[in-house]
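Trainee: If you want the building blocks of each chain, they are given just below.
There are 2 protein chains.
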Amino acid sequence: MPEKLRVVPLGGLGEIGKNMMVLETDEDLIAIDAGLMFPDEEMLGVDLVIPDVTYIEERIQKLRAILITHGHEDHTGALPYILRRLQLPNGRLPPIYCTRLTRGLISVKLEEHHLLSDADIRVVTPGERVKLGGFTVEYVHITHSIPDSAALAIQTPAGMVFHTGDFKLDHTPVMGPPPNLSRIAELGRQGILLLMSDSTYADTEGYTPSEQVVSDSLDRIMANAEGRVIVATFASLISRVQQVIDAAKRNGRRVFVTGRTMMSNVQMALDQHYLSAPDNILAPLERMRGLPPERIAVITTGAQGEPTSALVRMANRAHRYIDIQPGDTVVLSSSPIPGNEVLISRTIDNLYRLGAKVLYSRIAKVHVHGHAAQEELKLMFGLTLPQYFVPVHGEYRHLVMHSQIAKSMGVPEENIFPLEDGDILEIDERGAQVAGHTDADFVYVDGLAVGVDSIVLRDRKHLAGDGVIVAIVPLDKHSGKPIGRPDVISRGFIEGSMSEGIMERAREVIMEALDNPQSPTERGDFNSRVHDALSRFLYEQTRRRPMILPMSVEV
Amino acid sequence: MPEKLRVVPLGGLGEIGKNMMVLETDEDLIAIDAGLMFPDEEMLGVDLVIPDVTYIEERIQKLRAILITHGHEDHTGALPYILRRLQLPNGRLPPIYCTRLTRGLISVKLEEHHLLSDADIRVVTPGERVKLGGFTVEYVHITHSIPDSAALAIQTPAGMVFHTGDFKLDHTPVMGPPPNLSRIAELGRQGILLLMSDSTYADTEGYTPSEQVVSDSLDRIMANAEGRVIVATFASLISRVQQVIDAAKRNGRRVFVTGRTMMSNVQMALDQHYLSAPDNILAPLERMRGLPPERIAVITTGAQGEPTSALVRMANRAHRYIDIQPGDTVVLSSSPIPGNEVLISRTIDNLYRLGAKVLYSRIAKVHVHGHAAQEELKLMFGLTLPQYFVPVHGEYRHLVMHSQIAKSMGVPEENIFPLEDGDILEIDERGAQVAGHTDADFVYVDGLAVGVDSIVLRDRKHLAGDGVIVAIVPLDKHSGKPIGRPDVISRGFIEGSMSEGIMERAREVIMEALDNPQSPTERGDFNSRVHDALSRFLYEQTRRRPMILPMSVEV
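So the protein sequences, as listed, match chains R and U. Residue numbering for the first sequence follows this note's numbering, starting at 1 and increasing by one per position. Residue numbering for the second sequence follows this note's numbering, starting at 556 and increasing by one per position.
If you are wondering where the hints come from, they were derived from the structure by calculation, not from laboratory data. Just so you know, not all the hints are guaranteed correct.
Dumping the calculated DSS-like pairs for lysine-lysine here, alpha-carbon to alpha-carbon at most 25 angstroms [to be verified]:
no.: 1; chain 1: U; residue 1: Lys1032; chain 2: R; residue 2: Lys481
no.: 2; chain 1: R; residue 1: Lys365; chain 2: U; residue 2: Lys933
no.: 3; chain 1: R; residue 1: Lys249; chain 2: R; residue 2: Lys365
no.: 4; chain 1: U; residue 1: Lys559; chain 2: U; residue 2: Lys617
no.: 5; chain 1: R; residue 1: Lys365; chain 2: U; residue 2: Lys920
no.: 6; chain 1: U; residue 1: Lys933; chain 2: R; residue 2: Lys477
no.: 7; chain 1: U; residue 1: Lys1036; chain 2: R; residue 2: Lys477
no.: 8; chain 1: U; residue 1: Lys1016; chain 2: R; residue 2: Lys461
no.: 9; chain 1: R; residue 1: Lys378; chain 2: U; residue 2: Lys920
Okay, the calculated bits of chain R under chain U, using three or more residues with CB under 8 angstroms as the criterion [as the list claims (entries may be wrong)]:
no.: 10; segment: 38-49
no.: 11; segment: 395-409
no.: 12; segment: 444-457
no.: 13; segment: 462-471
no.: 14; segment: 487-494
no.: 15; segment: 537-544
Here the structure is a predicted model, which means the values were calculated and not measured. From the three backbone atoms N, C-alpha and C, an ideal C-beta is built for every residue, glycine too.
Could you build all of it, start to finish, from the sequences and the hints given here?
Mentor: See the structure below:
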């Protein structure tokens, strides 16, 4: 009986974010990454979205490890929410493998959730091999928009699996060595059964530029700006922080850091010597006062217009230390995550209203993204020469486009599997096929609740659109029949002037609906009659359909 | 006493959309455009947003006309909602001036609102002059992404005002002549007091490409596609429809039109000879069956992912006549309006899931926008040589960037006024200044209501985020004291499993809150005690703050 390998994406395939991939044999199971995604506008009230790990829970005795490829939240952010659910039969949390900077970033998050002391995080050096049951994993150094990123070469009983993680081929990275192409080529020559490769920018022609482009821009901006230069970026983009520090240093500016996560990450990266900040160039915000503006640079969170971020507080004149003034230059060193465009745009406009000049990726080269474009993806096929291919990380169209690239690079069409979350791909020496599907729905995190169900979201959508009407119907406790006048209140439905007349008539509509010769036997019957009559009346009057909550009370 | 001109933007300055500009003297008032904007994600349940015309209403006896520059909804869409409010003292609706195609598009909209028979629409030919009280208006032909677009040269008692409308300088437009640069130059030589110029793309370097670029792309796509070619665009983009018809004709395809507004507009444009569709190339959808796919082209609405549009119905397998199949090519011939990115992205992915190939502006030259880039804006200054400048149409940053262009072209800084909606600019021969501010808030249209107030929206936001709790507290009708067990229900708050225990304990929390030795005198006091206790309890338990509606009922 040949060894069968199961490949089960729990996140990141068919949508962007919450990346998580399972590899499984009859004896062992490992998970690659455990990311989160941010809710879209229809996920009302939801704080964040994580993968459904039920599939792993049901096989918990086989779980050997969670392998993290790099420190971005869409690959690590679900860890605080899933670790306890993935407690091993021996009572311990599953080991997490990652590189050194990734450990630092994960530790900051786990500490916030009081999970760090129980977690078992093991640092892997690229080149080193780790045996995990029947799997042997090697971390292979690769480049992305965060240092210490890794691809994974996983020897399985069925053959070698190569997972790129998120990557671009940056030959002149800001930190660390260029990608280890020669090791990847060597693995390719030895034979790769299955390639899983980053599809996020599979719709983009050509090559993705090196991070060095941004260094040049920052240098020019810091040299020419007459006032302060305030750079907003992702808190995990440690190499971008280094670029800002370097550009500030070359231009005689001191650097101030603001934003809670940014400050934690910078401190961690300094402690671990990932960031170098010579000559005490970093200073606490309280020291900014008195320094001439042309000697100031600021690093902040908020490049996505996040409502509570430091940059948005500045734009709203609500930051404790920084008042935006004419002469300030604000640099948004990121590209908009889809869905954030309106928030970002509002932030830019508010900064302009305060007199700042704002530079963003549409009008200046202040950001390059971290994902391979089409020519780099082709190069990856040229190096790995895989037998099978599964495109990972991307919306469905990216997976299809990446599949087309695979085909153009000689992978046989029947060996290419554009899976979606929950698909179960089985590979053995006789071939590969999608053998089933497991639940891999979005799991919503809202406040302290993990797993908000879809009825709650459907109700919120209803409430958001047309508001709510509560109708209280008094029932005689002896006869069970309606008596007296119903009470009706509304919220989020209709404005004052129009409201009074309608609410008054709504009471009459309720009384008419209940004034029925047949004697009803159940409360539910009252309620549904009130609901239907009110719903019809309000729609006729307003063309809206508020949520109607009839409540009968015995008096 | 020198004649004073007042310039009052009621929309379109500091935000994109709902364009409306007022010009006013002591005797006369004219409005330029009356557009709508679509709600952003925070305007929950709102259908659309129109300008506040209170300023005009208060001066209704001076209103001489509404001048429409072109037929796009952000310049015409508010007409059905404001015309009745702007009834003249003589009982008639104010005259609307516009070019011929614009009249056709406005008529379709007014007919839908049963306003066409009462409306007074007057067609103006470019070059013709119209006297409106002390104003004399000349329509000047210009190019934009819709035919029959006009700039306005308005002779006022204070001097000549030139308003560009929306424009780009397309020397090879798909329909109609190129922009009348020589007339603009002549007006400039005669002396322009005030230029108001389109700022929408003031952040973009260079020149905007001609519409011809799209013709070439469509031709290539129709020639190479093996299956049907389905082109989605704005229903008002009549010239794009002509481009699709022409490309289909050259490639032996018949053209089918779907989408309600698209069908109305195409019919109107055919009737008015704006569209030419020779050889019965257009056919009704029922005839598509049986025709080979390579002989079919479809024109549809839905390029912005609008949930009820024909294209989105196709993507969701819910279109009556068109089932998307492998081999179909879908072209999104538009660029995303900010805020629509997620809807568009979802539509593209769903089309890919059905096997279609999708071409959109990020990956193919299937759209060019209709607004002047920086070099064209400079050229406009070179032709008009204005004394004063007000940038129009754009978010605040665009107005600032356009102001910088004005300065670089020699307009004195003190003569440049980046206004925002509601600012009142006064110009006379002694100079210009912002002399005041009037209300120019968003007016929300929701169902049949025009003017949803901000409390309703605030409540909807609250409901959308954390849902609602209704708590019914029975009071003894004799003693006025709470008796019996309160009833608590929730919607949109919390899912089943967590809910029961919390709701049970919430009842106890309410009873404790009411079990107070002091004898309260008012119902409101009960309600606020219930509200506060419940709010505190639920936040502790869930970290959420649902809307709490306590209702006391006498039993």
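Trainee: Are the hints correct? Go through all of them and say.
Mentor: These are the hints, each one checked on the structure:
1. Between U:Lys1032 and R:Lys481 the CA atoms are separated by roughly 19 angstroms; this keeps the pair inside 25 angstroms, and the hint holds.
2. Distance restraint check for R:Lys365 and U:Lys933: the Cα-Cα separation of roughly 23 angstroms lies within the 25 angstroms cut-off, and the hinted pair is therefore satisfied.
3. Distance check on the hinted pair: R:Lys249 and R:Lys365 sit about 20 angstroms apart at the alpha-carbon level, within 25 angstroms; holds.
4. Pair hint U:Lys559 plus U:Lys617 holds up; C-alpha atoms about 15 angstroms apart against a cutoff of 25 angstroms.
5. Simply put, R:Lys365 and U:Lys920 have alpha-carbon atoms about 23 angstroms apart, close enough for the 25 angstroms limit, and the pair holds.
6. Restraint check for U:Lys933 and R:Lys477: the C-alpha separation of about 80 angstroms exceeds 25 angstroms, so the hint is violated.
7. Our distance criterion of 25 angstroms between C-alpha atoms is met by U:Lys1036 and R:Lys477, whose separation comes to about 19 angstroms.
8. For the hint pairing U:Lys1016 with R:Lys461, the CA-to-CA distance comes to about 10 angstroms; that is within 25 angstroms, so the pair holds.
9. For the suggested pair R:Lys378 and U:Lys920, the alpha carbons sit about 23 angstroms apart, so the restraint of at most 25 angstroms is met.
10. Coverage of a stretch by a chain is defined here by at least three residues with a beta carbon nearer than 8 angstroms to that chain's beta carbons; for the segment 38-49 of chain R and chain U the count is 4, and the condition holds.
11. Counting residues of the segment 395-409 of chain R whose C-beta sits closer than 8 angstroms to any C-beta of chain U gives 4, which meets the bar of three, so the coverage hint holds.
12. Check result for the segment 444-457 of chain R against chain U: holds, 10 residues qualifying (beta carbon to beta carbon below 8 angstroms, three or more required).
13. For the segment 462-471 of chain R, the proposed coverage by chain U is satisfied: 8 residues have a C-beta within less than 8 angstroms of a C-beta in that chain, meeting the threshold of three.
14. As drawn, the segment 487-494 of chain R meets chain U at 6 residues by the rule of a beta-carbon pair under 8 angstroms; at three or more, the given contact holds.
15. Against chain U, the segment 537-544 of chain R contributes 4 residues with a C-beta closer than 8 angstroms to a partner C-beta. That satisfies the three-residue criterion, and the hint holds.
Of the numbered hints listed earlier, the single one contradicted by the structure is hint 6.
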